Amino acid sequence: MKSARQDELEVNFVRIFDAYGPALRRLCGAYRRDLTERQDLLQEIALAVWTALPHFRGQASERTWVYRIAHNVAITFSASQKRRNGFEQSLDPIAHDQGTKDNSPRLMLTEAIQRLKPIDQHLALLYLEGLSGTEISEITGLSPGNIGVRLNRLKHRLATGLDRKETEGEPTSGSRR
Amino acid sequence: MVNVKLLQEKRRSLHDFVQVGSSNSYLLVLSFAPLFALGIWKARQIALMQIGNLIVMLVLLAGALATWLYQRAERKLDQVDLNMREFQTLLLLFINRSIAFTKGIKFWFAPLLFFGISLAAYPALNRFWSPLWCIVALSLVFIFFEYSIWIMNDLRRVGELQRRKSEVERLLVEMNESK
Numbered sequence: 001m002k003s004a005r006q007d008e009l010e011v012n013f014v015r016i017f018d019a020y021g022p023a024l025r026r027l028c029g030a031y032r033r034d035l036t037e038r039q040d041l042l043q044e045i046a047l048a049v050w051t052a053l054p055h056f057r058g059q060a061s062e063r064t065w066v067y068r069i070a071h072n073v074a075i076t077f078s079a080s081q082k083r084r085n086g087f088e089q090s091l092d093p094i095a096h097d098q099g100t101k102d103n104s105p106r107l108m109l110t111e112a113i114q115r116l117k118p119i120d121q122h123l124a125l126l127y128l129e130g131l132s133g134t135e136i137s138e139i140t141g142l143s144p145g146n147i148g149v150r151l152n153r154l155k156h157r158l159a160t161g162l163d164r165k166e167t168e169g170e171p172t173s174g175s176r177r
Numbered sequence: 001m002v003n004v005k006l007l008q009e010k011r012r013s014l015h016d017f018v019q020v021g022s023s024n025s026y027l028l029v030l031s032f033a034p035l036f037a038l039g040i041w042k043a044r045q046i047a048l049m050q051i052g053n054l055i056v057m058l059v060l061l062a063g064a065l066a067t068w069l070y071q072r073a074e075r076k077l078d079q080v081d082l083n084m085r086e087f088q089t090l091l092l093l094f095i096n097r098s099i100a101f102t103k104g105i106k107f108w109f110a111p112l113l114f115f116g117i118s119l120a121a122y123p124a125l126n127r128f129w130s131p132l133w134c135i136v137a138l139s140l141v142f143i144f145f146e147y148s149i150w151i152m153n154d155l156r157r158v159g160e161l162q163r164r165k166s167e168v169e170r171l172l173v174e175m176n177e178s179k
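The listed protein sequences correspond, in order, to chains X and P. Residues in the first sequence are numbered consecutively from 1, following our numbering. Residues in the second sequence are numbered consecutively from 1, following our numbering.
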């Protein structure tokens with residue numbers, strides 16, 4: 001017999017995953033190339049959220065709480081997979097998704113993000129999900145000032161990287177962020 | 001989408017990242033202690049065997065306690081909802097502890113355990129060999145024992161933990177960079 005508390009947890013859990021599932025899937029897609037590993041990572045994140053949910057008391061917003069868990073699990077998962085696979089598997093092109101058409105600006109952006117240092121990759125992913133500097137600060141533990149400086153540098157670096165791709169003759173369409 | 005029941009049955013966790021042994025390894029260690037307690041009683045005619053069995057039993061109990069305390073500390077890794085910097089710092093702390101714990105096995109656990117086993121086995125060996133050959137044989141077995149532990153712990157396990165440590169440290173250094 002399930003208790004009312006257990007029911008409440010399940011309802012909350014399903015609600016959280018309905019709300020943040022697409023963002024978490026994008027995160028998993030950015031971290032892992034292989035579809036099976038992405039599903040595995042998503043399940044690891046789900047398990048971590050499920051485990052942490054009874055202890056969540058609203059100390060942070062639900063959004064930052066979910067992203068904290070997701071990024072902590074993704075970092076650890078990637079490190080474990082790297083050891084298992086025996087080679088570096090950093091962020092991988094989203095274009096490897098099944099059924100996704102080749103989307104050049106998106107691919108170029110992902111490749112540009114891959115060339116960043118790990119912490120800058122996390123910042124770029126969080127920024128691209130539309131999180132504010134304050135939210136990113138709560139997720140990463142970096143100061144808001146530090147976040148601001150890093151994001152400005154990141155935007156410049158990514159823009160330079162994309163410009164360089166254009167001048168090299170890579171096709172691009174759509175507007176850049 | 002995610003199946004709640006599946007999650008409840010799923011066993012994998014972040015602990016895989018720093019796990020030293022199975023999650024209930026202290027129970028396995030503890031399960032052998034009664035055998036040596038029985039050995040103390042059975043060897044009541046031979047003092048050396050009794051002392052040897054007693055030492056082994058005490059070392060197993062101490063090992064089980066140390067493992068249990070270690071695994072209790074490991075549960076702090078459930079705080080996966082900390083911010084990234086805090087979580088990596090906690091992870092680093094735990095990895096350092098794991099390295100010290102794993103390296104320590106060959107210094108305090110293995111020699112004491114082997115000393116107890118040697119004392120318990122010596123009277124039996126002495127029936128067939130001279131004392132000198134008993135000591136030589138036990139010494140060779142001890143060297144092999146320590147070498148095996150060195151291969152399993154220091155080379156593999158500690159090496160693995162050192163690699164994880166450098167990854168975590170690298171991320172923390174990047175986070176602390178202001179430029």
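Keep in mind that the hints were calculated from the coordinates and are not lab data. Values in this document were obtained by computation on a predicted structure and should not be read as measured data. Where is the CB? At the ideal position from N, CA and C, for every residue including glycine. Please note that the accuracy of each hint is not assured.
As the list claims (entries may be wrong) - So the derived label-pair ranges between C-beta atoms look like this: (1) X:K155 to P:K103: 25 to 35 Å; (2) X:R5 to P:I143: 14 to 24 Å; (3) X:Q59 to P:L140: 55 to 65 Å; (4) X:T51 to P:D154: 30 to 40 Å; (5) X:S3 to P:P111: 47 to 57 Å.
As the list claims (entries may be wrong) - Reference listing, derived: stretches of chain X covered by chain P, where coverage requires no fewer than 3 residues with Cβ under 8 Å from a Cβ of chain P: (6) 27-38; (7) 70-79; (8) 116-125; (9) 132-145.
Check your understanding: Under a C-beta cut-off of less than 8 Å, do 3 or more residues of the segment 116-125 of chain X approach chain P closely enough to confirm the stated coverage?
Key -> holds (count 5)
Review point. Per the hint of 47 to 57 Å, is the separation of the Cβ atoms of S3 of chain X and P111 of chain P within bounds?
Key: holds, 51 Å
Review point. Do at least three Cβ atoms from the segment 27-38 of chain X come closer than 8 Å to Cβ atoms of chain P?
Key: Answer violated; 0 residues pass the 8 Å Cβ test.
**Study point:** T51 of chain X paired with D154 of chain P, Cβ distance criterion 30 to 40 Å
**Key:** holds, 33 Å
**Study point:** Within 8 Å of chain P's CB atoms, at least three CB atoms from the segment 132-145 of chain X: coverage verdict
**Key:** Satisfied; 5 residues make the cut.
Check your understanding: Do the beta carbons of R5 of chain X and I143 of chain P sit within 14 to 24 Å of each other?
Key -> Violated, since R5 of chain X and I143 of chain P (Cβ atoms, about 57 Å apart) do not stay within the stated range.
Review point. Between Q59 of chain X and L140 of chain P, does the C-beta distance stay in 55 to 65 Å?
Key: holds, 59 Å
Review point. Is 25 to 35 Å a correct range for the gap between the Cβ atoms of K155 of chain X and K103 of chain P?
Key: Since the Cβ atoms of K155 of chain X and K103 of chain P sit about 45 Å apart, the hinted range of 25 to 35 Å is violated.
Point to revise | Proximity test - 8 Å, beta-carbon atoms, the segment 70-79 of chain X to chain P, at least three hits | key: holds (count 6)
Taken one by one, the earlier hints fail for this structure at numbers 1, 2 and 6, listed in ascending order.
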